[in-house]
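Engineer: Sequence:
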Amino acid sequence: MQTLPDSGYFINLLHDVDSNGNNFGQFKLGTIHGVVFYDENQNRILDGNEQGLPGWIISLSGLNSYNTYSDSTGNFIFSHIPPGTYTLAESSQIRWLQTLPNNNGTYTITIASGLDSGNLFFGNFYITDSTYQISAGWNLLSLPEKITDHTPKTIYPTAASAPFIYRSGYVALDSIPEKTGFWLKSDVTQYVDINGTPRLLDTIDVVTGWNMIGGLSVPISVDSIIQIPENNVSSDYFKYETTYVADSILVPMHGYWVKVKETGKLILNGLTITGSAKRK
Numbered sequence: 000m001q002t003l004p005d006s007g008y009f010i011n012l013l014h015d016v017d018s019n020g021n022n023f024g025q026f027k028l029g030t031i032h033g034v035v036f037y038d039e040n041q042n043r044i045l046d047g048n049e050q051g052l053p054g055w056i057i058s059l060s061g062l063n064s065y066n067t068y069s070d071s072t073g074n075f076i077f078s079h080i081p082p083g084t085y086t087l088a089e090s091s092q093i094r095w096l097q098t099l100p101n102n103n104g105t106y107t108i109t110i111a112s113g114l115d116s117g118n119l120f121f122g123n124f125y126i127t128d129s130t131y132q133i134s135a136g137w138n139l140l141s142l143p144e145k146i147t148d149h150t151p152k153t154i155y156p157t158a159a160s161a162p163f164i165y166r167s168g169y170v171a172l173d174s175i176p177e178k179t180g181f182w183l184k185s186d187v188t189q190y191v192d193i194n195g196t197p198r199l200l201d202t203i204d205v206v207t208g209w210n211m212i213g214g215l216s217v218p219i220s221v222d223s224i225i226q227i228p229e230n231n232v233s234s235d236y237f238k239y240e241t242t243y244v245a246d247s248i249l250v251p252m253h254g255y256w257v258k259v260k261e262t263g264k265l266i267l268n269g270l271t272i273t274g275s276a277k278r279k
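In numbering that gives the first Met the number 0, the protein residues as written are 0 to 279.
Keeping only pairs whose Cα atoms sit at most 20 Å apart, straight-line, the calculated PhoX-like set for lysine-lysine is:
1) Lys258 x Lys178
2) Lys152 x Lys184
3) Lys152 x Lys178
4) Lys178 x Lys264
5) Lys145 x Lys178
None of these hints come from the bench; they were simulated from the model.
Using the sequences plus the hints, can you model the full thing?
Structural biologist: This is the structure:
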């Protein structure tokens, strides 16, 4: 970028005249880049096992204002930025706590010629609503969070039955696994508190035929579920609310029946803001 002169120089050449002071200034435009990530352990460091967060809005304000989205791996970049001092910030998301910079902090960046400002990280942690409703009668459920004690009586102390899983027939459980749907009976409508770590990304193994699966800690659209192999799912996703109902969104705490053509995997990703589902 040329900074001097504004347009050009007009020089009237006369005999034996030495014209000097005709300087040209150049400024190399700057670059700002970084990563938005899921700070699962809230240590304000991007650890090797932590995922980038796609679809987050990052803003750069100063002499000019810019906005961009983090990509599929959580990376973002602003290119060709002119000189000046800028503030870099992320847009807040419902139920997400910014851990880095802490206190919803921002970065202040002064663009010098040729500056390539990297290693700018925004860490975020998802805060779950730990209270879940169980209806009177039979419920098709799943664990919405990562917990340490999977004993049924610890999780559902007033349940009217043992939890049952389907494995070529119904089997009573003495420990409730994650990722799996299960049946549980309650005598009354009640609320339970399940306090754990958010499950925002998971891979579920499925076998040929019907499977009972669980969701995540956030609602996700069934259209966002990655199927391995492709196009393996051959049914809707069915929840149970006194009768079976096809649903387009997997909701936390619910279990679902789904049919697949062959043994494979379903990848559920609740980290993508732009692809996430909202459910009242």
